[in-house]
Structure formats: structure tokens, C-alpha cells
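J.: Produce the entire structure from the sequences given, and follow the hints as far as they go.
Listed here are the chains, written in short residue letters.
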Amino acid sequence: MQPEMLIQTLVSGLLMGFIFSLIAVGLNLIFGVMDIVNFAHGDFLMLSMYTAFWLYTLWGVDPLFSLPICIVLLFVIGWVTYQLIIKRVLKAPMLAQIFSTFGLMVFLRHAALLAWSSDYRAIKETLLSGRIGIGGVFIPIPQLVASVGAIITFGLIYWFMQRTETGMALMATAEDAEAASLMGVNSDRMYALAWGLGAACVGVAGALLSTFYYIFPEVGYLFGLLAYIIVALGGFGSITGAFIAGIIIGVVEVLFGFLVAPAFKYVFVYLIYLIVVIARPQGLLGAR
Amino acid sequence: MTKERQLLALKVVAGVILAIALLAFPFIFKKPFPQRMMILIFMYALLGEAWNILGGYGGQVSLGHAVFFGLGAYTSSFMLIRWGITPWLGMVVGILIAVAVSIIIGYPCFRLAGHYFAIATIAAGEIVGIVFLNWKLMGGAIGLFLPLLNESLLNFEFHSTKVPYYYIILAMLVVTVFIAYRIERSRLGFYFRAIKNDPAAARSLGIDLTKYKLIAMIISAALTAMAGTFYAQYVLFIDPFTVLPLMLSIQMCLIPVLGGTGTIAGPIIGSCILIPMAEYTRVYLAGKVSGLHLFLYGLLIIVFAVFQPAGLMGLIQRYRRRG
Chain L
1 MQPEMLIQTL VSGLLMGFIF SLIAVGLNLI FGVMDIVNFA HGDFLMLSMY
51 TAFWLYTLWG VDPLFSLPIC IVLLFVIGWV TYQLIIKRVL KAPMLAQIFS
101 TFGLMVFLRH AALLAWSSDY RAIKETLLSG RIGIGGVFIP IPQLVASVGA
151 IITFGLIYWF MQRTETGMAL MATAEDAEAA SLMGVNSDRM YALAWGLGAA
201 CVGVAGALLS TFYYIFPEVG YLFGLLAYII VALGGFGSIT GAFIAGIIIG
251 VVEVLFGFLV APAFKYVFVY LIYLIVVIAR PQGLLGAR
Chain D
1001 MTKERQLLAL KVVAGVILAI ALLAFPFIFK KPFPQRMMIL IFMYALLGEA
1051 WNILGGYGGQ VSLGHAVFFG LGAYTSSFML IRWGITPWLG MVVGILIAVA
1101 VSIIIGYPCF RLAGHYFAIA TIAAGEIVGI VFLNWKLMGG AIGLFLPLLN
1151 ESLLNFEFHS TKVPYYYIIL AMLVVTVFIA YRIERSRLGF YFRAIKNDPA
1201 AARSLGIDLT KYKLIAMIIS AALTAMAGTF YAQYVLFIDP FTVLPLMLSI
1251 QMCLIPVLGG TGTIAGPIIG SCILIPMAEY TRVYLAGKVS GLHLFLYGLL
1301 IIVFAVFQPA GLMGLIQRYR RRG
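Taken in sequence, the protein lines are chains L and D.
At position 77 of the first sequence (counting the first as 1) the number is 77 in my numbering, and the numbers step up by one without a gap.
Adding 1000 to a residue's 1-based position in the second sequence gives its number in my numbering.
One should not assume that every hint holds.
Said to hold, decoys possible - With a Cα cut of at most 30 Å, we get these calculated DSBU-like pairs of lysine-lysine:
id: 1; chain 1: D; residue 1: Lys1030; chain 2: D; residue 2: Lys1162
id: 2; chain 1: L; residue 1: Lys91; chain 2: D; residue 2: Lys1136
id: 3; chain 1: D; residue 1: Lys1196; chain 2: D; residue 2: Lys1211
id: 4; chain 1: L; residue 1: Lys265; chain 2: D; residue 2: Lys1211
id: 5; chain 1: L; residue 1: Lys124; chain 2: L; residue 2: Lys265
id: 6; chain 1: D; residue 1: Lys1196; chain 2: D; residue 2: Lys1031
id: 7; chain 1: D; residue 1: Lys1011; chain 2: D; residue 2: Lys1030
id: 8; chain 1: D; residue 1: Lys1196; chain 2: L; residue 2: Lys87
If you are wondering where the hints come from, they were derived from the structure by calculation, not from laboratory data.
T.: As C-alpha cells, this is what we get:
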């Protein structure tokens, strides 16, 4: 085994890990603020990828320029999801909450299947196409840009949560919605904002991912599933935890795919998750 | 006669009529479509009841129950194909294997609460799915085709008519409902509900949480595995995409949720609604527009979760309290 190959593997795992991180941070933003797991999260990602794809195919808009459109669109989708569905199940039992977003997942996935067929699609040429080589290790530019985009987005979210008044109100709502509302924080608006921001994260991830990943109606399945794993691994409610866990999962995935067999790489991802949560039920950086 | 006795007499009469109707059904409806529909309704009602024992009464939301269904199906099929062993014996072995796996999954995972447990069961389900997908001996992604044998109860195969399958799954459902009924009214049932409603209080009263969660898991897994063998014998073909997918696990959970969790009637009601809807939309729409039935299915789930979060039993109970 050549060391370059191992390094190459680790680099590609790391690059994928940042995208996983960004998706999981969005999911965790929603979970952290209101204790609801969005099972349709992967399908929000799918919508963002198709948006980038159609903007490119119909009008030749490069994914880099459709990025802001994807962000705004997904923010609106998240916000509307909250207003139409989530708001009504806030006080419902956990199972009803699970199924409201699970139903949304089935609905969106098959809506996409009906509208756009099950064909695998890809954006062939973008402004980012190409790769750079450093000492025998090749880094594809789309993945590199996507990773940088993911890091910047995470930084912005982190800054927003820690430094702005709205962000702090959001965290206060997460801590104790009732106490926060006594302090004059409108928890309804905060919940809607969390859904908007959480979905906007996959808006970014989807547009960036569309530059190098296949686009098909079920693309959200694996990404969604991994996002739940990453969120639970990092700790429900911890944005930093989700970010770190995403990178770990990205590296574990390609490393075991490389060392053992590609077919079994997700077995190791799920095993790592099980081992970590059983040894540390609150996840790596979870509070409880 | 007092009002209670009248009610009891009414219940007995209704029960007898229902029993006769169910037994006579295959003689009245001779076409394959209604028979197939009833078989599926019974099978999913059984799966819902099995899930309900752990998830509804015990409050442990499992989204990985397809594992036990798949283990039941794979074990009896493999033993039949390899060694020519009757599926009935294979079913018993499948149940034992499913019980063993349920302990392996349950014992460590029962330390986890809420969403953590649910996601852990998804992870366990995905692991088993990937293993079977890549397990050459078990047919891998191609799956297992069961050999066509002479029709007999011992062989668990019927070709000229599907009616025997109808009675077999009906009997399995009756056994399952009986077990659920006995649990509901026993000490075990009270323990399960105590664990669900307030684990800390249950523990302080001296209930061994892990032990009783495991008992619920074992009963639930065993019944699910039994249905797995039935499915394999009914369809005579299994692969990881039909007996082990996450979608099946979710379906098993959805049926009691739709009808009402923690009740005997809930899973039956859920199955009576969901399966005909899925079958009719599949038959009438799938030919024309593929995927449309699942699109509507998704919409229905959202509507239900939003407007009737306690399931249909919640609706009935509310009506009763008022009336």
C-alpha cells in the first residue's frame, strides 16, 4: 500500500466530511432549538440539488451563482414547513412528530420522482471543474470549494448564534422556551427561524454538492440518514459537536471503504455511532 | 338486565359475527385480489401488534424491526433451500435467532432514551441490511428463490389456491392478539406502561427497567420473525430490499401510530386503513403514474400526524368520553 493512496483517501474523506458536517449542523439547529428530528432533512438537500441542476440546465446558471437562490429558497421551504406542519405538532407525542416529518420525506421524495423521474443527473461543466495536485495527492476543486463553503457557513452560523442578539434569543429558546418567552422572546418566531436556518444550511450544501455529486430523487436517503447519525454522535443540540462528528464520519467512511471493502463502509459508520452513543449516551459534545 | 350485561351480550354477538365473517370471507370473495388484500391486512396488523408491545406499551420506539422480519424470512428460507427442512421448523429457529439478535441489539441500546434509541435501531437495521446485501450464501442482492414443492401444510406451500395462507395468517394474528391481550391485562403490561410513562418512578418502585424492556423486545421480535417466515412462504422470494428495508421498519411503526399506540385495536385499525389504501392506489395508479401512490401516502401521513396525533383510537376514545 502506497502512502499517497492512504493520504489521498484521507483527503477525500475529509472533504466529504465537511459537507456531512454542514448538513448535520442544519439538522441539529432544528433539533437543538425544539427537540424535533426532521426526517425530511435529506430531501430538503435533494430539493436544493435539483434547484441548482435546473438553473444550470435551463438557463446555464453556474451552481456557484445559484447558491444564493438555493439558500433563500430552502430558507423559505424550512420556514413554510414549520408554519404548515411543525407548529401543529409541537405539543403532540414524539411519534406524531416523527411521522409528520417522515410523511414529508415520503411526500417530497415521490413528488421529485413524479416531477423529474428517477434518472440520475449531473452537472457536467462548472466554473469549478478541475483539480489541483500537491505532491502526488489530487484535490478536486469542486470538493475543495464545497468544503471551504461548508466551513464558512458553519463559521457564520456559529458567529450568529454566539454574537448576535437574535442568535442568543434562539439559544435561550433552546434552553428554556418558557423562560425565554417571559424575557420577551417570541418562541414561535424563533422556531420558524430555526427551521429556516436549518434548511438554509442544506441549501448551501445542496448547491455545492451538485457540482460533483449525482442528483436523483433518493439522494436524500443516505445523506439524511448519515446526518441523524452525525447529530446523535456529536450530541443532540450541539452545533460544534455535529461539525466535528461530520468530519469523523467522512473520514471513517472512506478509510474503512479503503481498508476493508467499499460495500461495508457504512457498517463501520453505524458501528462507530452505536459504540459512541452506548459508551456516551449524550454524544460527543451533548449536554445531557 | 343491567346495562353492563347488555353491553357484554352485544360484544359477544358482535365477536361471533366478526369471527364467522372472517372465516367465511374466502368463500364469498373468491378472486385473488380481495384475498391477497386480507392476507396483507392480517400480516401488517400482526406486525403492528408486535411492534406495539415494545413501542406502544413499553414506549421504546424501534425503527429497526425489519431486522426481525428479515431474520425470520431468511432463516426458514435458507434452511428449506439448503437442507430441505420444513419451514415450520425453520420458523422456530428463525424466532430463536431473532430473539438472540433482539437481545444483542436491545441490551446495550436500552440505555439510550428517546431519539437516541430510535436512531440506534435504525443503525442496527441498516447494518443487518448491508450484511445480507453482501452475504453471498444468503443470495446477496439477488435474494433467495424458494423451491416449488408439493402443496401441503407441512411444506407451507399452496399454489392452486391461496386460501390456506389466509387461514394461516389469520390464526397467527389471533395468537398475536391473544398474547397482546394477555400482556395488557397482566402485571407485565402494567410494568411496560409504568416504564413508558415515567421510567424514573418505575425504577424507584423496584422495576428492573432493562429486564422488562428486554422482555417486551423479545416477545415483539419473536412475533415479527414468525410473520417473516409467513411472508417468505407466501411470496416464495425474498431479498434485502423487500424484507429488510428501513421503509418496512417504519411501516410497522406507522400502523399502530395511525390506529393508536398502546391499544389492542389500534394496529388492526391502522392496518385496515393503510393496507387497502396502499393496495388500491398501487393497483389503480401505479400502472399510469409510478410513484403517485407513495406521494399520496406521504400526504396522508402528514395530515394524520398533524390532525390526529393520538391515532384513530384517540378519536374513538374522545367520542366515547363525550357520549
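J.: Hint by hint, say whether it matches the structure.
T.: Status of the hints after comparison with the structure:
1. D:Lys1030 x D:Lys1162: 10 Å, holds
2. L:Lys91 x D:Lys1136: Given that 30 Å is the threshold and the Cα spacing comes to 48 Å, the pair is violated.
3. D:Lys1196 x D:Lys1211: 14 Å, holds
4. L:Lys265 x D:Lys1211: Distance ~33 Å between Lys265 (chain L) and Lys1211 (chain D) Cα, so the pair is violated.
5. L:Lys124 x L:Lys265: 27 Å, holds
6. D:Lys1196 x D:Lys1031: 44 Å, violated
7. D:Lys1011 x D:Lys1030: 29 Å, holds
8. D:Lys1196 x L:Lys87: 25 Å, holds
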